[in-house]
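Enquirer: Residue strings, one per chain:
Protein chains: 2
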Amino acid sequence: MPTYQLKYFNIKGLVEPARWLFALAGQPYKDHRFQEGEWPSVKPTTPCGQAPILVVDGKQIAQSKAVFRYLAKQFGLVGETDMDQARGDMIVDYFEDFTGPLRVIRKEGDPPKKKELMAKFMATLPIYLGNLEKLLKENNDGDGFFVGEKVTWTDVVFVCNTEIHKRFLNPGYLADYPKLEALVQRVEALPAIAEWIKTRPVTEV
Amino acid sequence: MPTYQLKYFNIKGLVEPARWLFALAGQPYKDHRFQEGEWPSVKPTTPCGQAPILVVDGKQIAQSKAVFRYLAKQFGLVGETDMDQARGDMIVDYFEDFTGPLRVIRKEGDPPKKKELMAKFMATLPIYLGNLEKLLKENNDGDGFFVGEKVTWTDVVFVCNTEIHKRFLNPGYLADYPKLEALVQRVEALPAIAEWIKTRPVTEV
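Those protein sequences? They're chains H and R, same order as listed. For the first sequence, full-length UniProt numbering gives the first residue as 1, with consecutive numbering after it. For the second sequence, full-length UniProt numbering gives the first residue as 1, with consecutive numbering after it.
Okay, chain H solo, but in the shape it has when bound (with noise of 0.2 Å):
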């Protein structure tokens, strides 16, 4: 069995999902939370100077998209066909298309340059949300998962990123989408999931 360690801060941020699939998988790894001061002498260790970073067997894998895609193929958690995977592929990048900007928002020291940027995302939210759901749908009528018959990478880093959102949106944001707000409570009550939200350290973000 390979040994499996992730490094990053001590905070949810954008490693939580590779966790959920750890917890889904019932795979040991060390989940290595850097203490104050340590990311200078760790970062010219990376790839790419970024962390998160996967260390498997000795061999280092960055970028928090590829992490959780190898760890999906790892634990059966990807779709089964190449089109599924594709979709998969498709729903999370598309899902990143806002997420993004929205991580440069909250940084956003000065407030009329965040109001004005926040008053643009939220003009454009319902557009993400209603594809996500449309595509949610095609799969199942939406009462499943985002691709193929059970849990892919593409539900937990969709369901583990509107904690997030709910956070800092507000917590009624999929209130118009109820297949995906249905989908954040199936994913959420997967035992391994609950489990893990009631047992894993508790941090702001």
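None of these hints come from the bench; they were simulated from the model. It is possible that part of the hints are untrue.
As the list makes no split between identical chains, a pair holds if one copy fits it or if it spans any two.
Straight-line alpha carbon distances no greater than 30 Å define the calculated DSSO-like cross-link-like pairs of lysine-lysine that follow [unchecked claim]:
{"hint": "1", "residue 1": "Lys59", "residue 2": "Lys179"}
{"hint": "2", "residue 1": "Lys198", "residue 2": "Lys65"}
{"hint": "3", "residue 1": "Lys65", "residue 2": "Lys120"}
{"hint": "4", "residue 1": "Lys120", "residue 2": "Lys12"}
Knowing the structure of chain H, use the given hints to seat chain R on it.
Expert: Relative to chain H, chain R alone:
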């Protein structure tokens, strides 16, 4: 054999790597380029309201990277091992980290704002290119391809985009990165690619 159709505007733009993958595989496909005014009627029929779209036997895949990865899998142009595939994904997403903002800068209409964004971009560019050169050298001392022993979609995405970067930044922007520059020459010299470059529709971008 499946039938393939690419749908995109009459530019290289986001989709050109897919065309290079078809060329490398010698795979016939319909390279559908929207006529003036055609896109608005196509847009609502696409998965995410976005182009490019790949249509495979009537099923649609959106999001350029999902399209490239899918085609690369069909054509044997992904890495052999899961680890190589993850490294390939990582390099593409890392490369996208600086290519994405560059697209925003190109579209920025306000000159002072454009100048400010460009200065910021140019300050971080050597970090990205330095890391990409380092990543390339980690495989076959940088004299082969990004992962494994033969060309993959990761090389194609990189090289294809440097065409645009050379034009927008300057033709010599890789001068300090001899392994990256040699990779560009190597991939562009592959007979199928050289032939495509020579015969493809002439477009400005």
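Enquirer: Broken hints, numbered, in rising order?
Expert: Violated hints: none at all, because every hint is consistent with the structure.
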